[in-house]
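> In order, the protein sequences belong to chains A and B. Residue numbering for the first sequence is 0 to 419, as defined by numbering that gives the first Met the number 0. Residue numbering for the second sequence is 0 to 425, as defined by numbering that gives the first Met the number 0.
Keep in mind the hints are simulated off the structure, nothing from the lab. Every value quoted in this text rests on a predicted model; they were computed, and no experiment measured them. The beta carbon of each residue, even a glycine, is placed where N, CA and C say it ideally should be. Check the hints yourself; a few may be wrong.
Capping the alpha-carbon separation at 25 Å, the derived lysine to any residue pairs in SDA-like fashion look like this [what the hints assert, rightly or not]:
no., chain 1, residue 1, chain 2, residue 2
1, B, K74, A, Q284
2, B, K321, A, S161
3, B, K321, B, P280
4, B, K391, A, G71
Chain A regions said to be covered by chain B (calculated; three or more residues, Cβ under 8 Å) [said to hold, decoys possible]:
no., region
5, 280 to 294
6, 341 to 350
Okay, the calculated beta carbon distance ranges per label pair [to be verified]:
no., chain 1, residue 1, chain 2, residue 2, range
7, B, P222, A, A312, 40 to 48 Å
8, B, G96, A, H237, 45 to 53 Å
9, B, R360, A, D151, 58 to 66 Å
10, A, R378, B, G40, 38 to 46 Å
11, A, D385, B, N108, 21 to 29 Å
12, B, A390, A, R378, 22 to 30 Å
13, B, A195, A, L2, 30 to 38 Å
14, B, R360, A, S402, 51 to 59 Å
15, B, K321, A, R229, 30 to 38 Å
16, A, R5, B, R360, 48 to 56 Å
17, B, V4, A, D151, 58 to 66 Å
18, A, R378, B, D386, 39 to 47 Å
19, B, E135, A, D385, 30 to 38 Å
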Amino acid sequence: MTLPDRTVLDNGAVLVSQAVPSNPFIAFRGSLPAGTAQEAPDEFGVAEFTARLLLSGTKRASAARLADRLEGIGAALEFLNAEETLGFHGRCTRDTVAETMRILVECFATPAFPPKEVERVRASILNDLRQEADDTHDRANLELARILFPKDHPYGRNPKASPARVRTIRRRDVVTFHEGHVGPDGLILAVAGDVDPAVIEEAIARPLGRLRAEGASSGDIPPPSVYRPRTGRIPMPHKSQADIAVGGPAVARRHDDYYALHVANLLFGRIGLYGRLGQRIRDDQGLAYYAFSSLDALTSGGSWTVSAGVNPANLEKAVRGIRDELDRLRTDPFRPEEIRDGKDNQIGGLVVSLERNGEVASELHRIEYFGLGIDFLERYADVVEDLAEDRVRQVAQKYFDPSAASIVVAGPVGKTRVTL
Amino acid sequence: MPTHVETLANGLKVILRPIPEAKALSTWVTYRIGSRNEVPGMTGSTHWVEHMLFKGGGKLRKGDVDRLVSRLGGKFNAFTDTDFTAYFTTLPASEMGTALLIESERMRNAAFDPREVEAERTVVISEREGAENQPEFAVEEELWGIAFHVHPYHWMPIGYKQDLAALGRDPLYRHYLRYYAPNNAHLVLVGGFDPAVAMGRIREAFGILRPEPALDPMRLVEPEQRGERRSELVRPGSVDLLSVGWHVPPFRHEDTPALIVLATVLGGWRGFSPLGAGAWPSRSNRLYRALVETKLATDVSVRLETKMDPGLLVAGATVAPKASLDRVEAVLHAEVERLTRSPPTRAEIDRAKGQVRARYRYEQDGVTFQGVLLSVMEALDGWDAADAMLAKIERVRAAQVRDVARTYLLETQRSVVRFHAEVPRG
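The shape of chain A in the complex, shown without the other chains:
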């Protein structure tokens, strides 16, 4: 793979791109610092409203007109609020990219936030919150995040806020948040597919360069507060299955332990049909359809989590299995051949995990967002290869520590008291 192109526009926005000749269309992914982390305490929930309202009309075009323009050319564009950013992604063709970018910039620069649309979005968020409240997986994982990142940290609070808070958000809150945070400062746009320098310059950089900074600002994301392990239990007797969420604190994306922990997480609960965890809980014991681990590493911190969905009769057995696998990281650390498999997976996977334009755009965006360097994909195999086996074992033991882990179960848990 040749190195991606990277351009810093005059207004500060950063554009990274990569041609993928075998896939003749364009995928893009981007972000700017206007997510949950940028909300002041009296603004909780406003970033979610803002993201959902950006396609709801501009000063020139109604929501319906925007939809007709985008879908009339077969393009797609979506905005979504995340912990650290306002994200956006879409797809279009070489012929339609200029118009798609004009619409993107128009949505950022001149949103109308029509009062009727604010009410529609309010109803939509309230419905989503109701559905979340009835979903065992969402309940368990939201509660675990709240425990891992206490004191309303942006990584721990529900980005949609509470139903009571959602009912009080006003249009002018959204306008103020938009004016304060949405602009070219910190904007990253990653593009992959049917592109060349002329398309990048004329159809993408030019419209994006027209976006003006109007007091947009972003501050550092505070590190998470001190965390105390806890146990949570959410009875939902009308459900068929219980969800288990176990987790603990991990590291930020730029931390020295990140790559070793990434490989450790892969071996613990991801590789193939979910690594060691999947082998025990699903394959050997047949307790769950899914049992896997995740590592989320962001700018100021991160977490690891284990998720499993089980029949309530198997709840204790499954939790014991998770605990046993955590303990086994100390009693039966990763063997050399396991670590070799993990490294080979990561090195070989560079080809397979980047076969689609959308995947390439996401990776380019991640590289730019975390400042990993434009040659990151060239270096990645060496980074993984150079990891000492003992380092992988040590970080596994350091972070996947059951004594520092929390557990939440949600579902038909009856009177079962589950501890890790």
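Dock chain B against the given chain A, drawing on the hints supplied.
Same frame as chain A, now just chain B:
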């Protein structure tokens, strides 16, 4: 795109699409066996067999599929549909041999170790219970259940829990032996490879496999529905849901192009294949305008479920907090009736065709998605059926859309499921 098609002496149809600049390759083997071929008491058996085919046999021990693919950084999975079951492996282009070994062993040599069958019973039941946690699954199962009384589309590919609890190893193994044969499958290879080299290796890996006697054609035909069918589900949940299904002809039918345009005008187009479409909501369609923009619903969807046998066009809505199911249903029916009264506008037709065209291009993003598209099309009609369908869609006129609405979207042909959310106890 250049595509090489050849059928081996044992009946295995091979479809090769070389993409010289691709660094990965994707192998798809699809069997013409789905829940459509099951009988009462054995529902879910096809899906359970799919699970068993990752557990080794022949030259592969348990865990080998996982290990072989993972070491290479590859991805693999499978899915069971009503009409077919598909397995895929995507690997670096240099590793074709690994993919062919896995698929050729899977085709005839799966182990079905009784202990592994038993361990997998709770896994497939757990998969079903996970789905049962979602009210949307209850609605979907109920809709197909009331719309089909005779045809096996009556049940979901996951099967009934009581069947999953009772099924034994031997019937599952017999199911496997009967349907997993080269003459009941097709192999699709997409990516960076030389077609002549690939054909040589495919003959070597699959040419020796024995075919099975030809399958009997499907005899079960769903009788014409005479009158609306309704079901009111009153269960714990968070929001009210509405789902309406109308009988539509099979994918191969001449009315399908107009039905695709109709579905797109009504609720947006999701694409031809189950993986490639992605979650890209449409906001320029009639149901969104009539239900979401008016705050009656927070979400609408339309799916044209055209299959090997007559299927359903399904329209659904999530009812907004202060709206009523009655009102949402009335508006949905009014929008459908409007389609039967007059043709869509020229702008709507052009936009719908543009959406289908663009989606088709996006569905070919990478070797894995191209593989699923060719595999699904071959199962339903022919590997190049999407290209042919696209050409027919370009010729669809507005009056044809009105005509198919008048033919299929009839009150007497529809099934309605309404989910009334009760506040959960506890």
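> Of the hints stated earlier, which fail here?
9, 10, 11, 12, 16, 19
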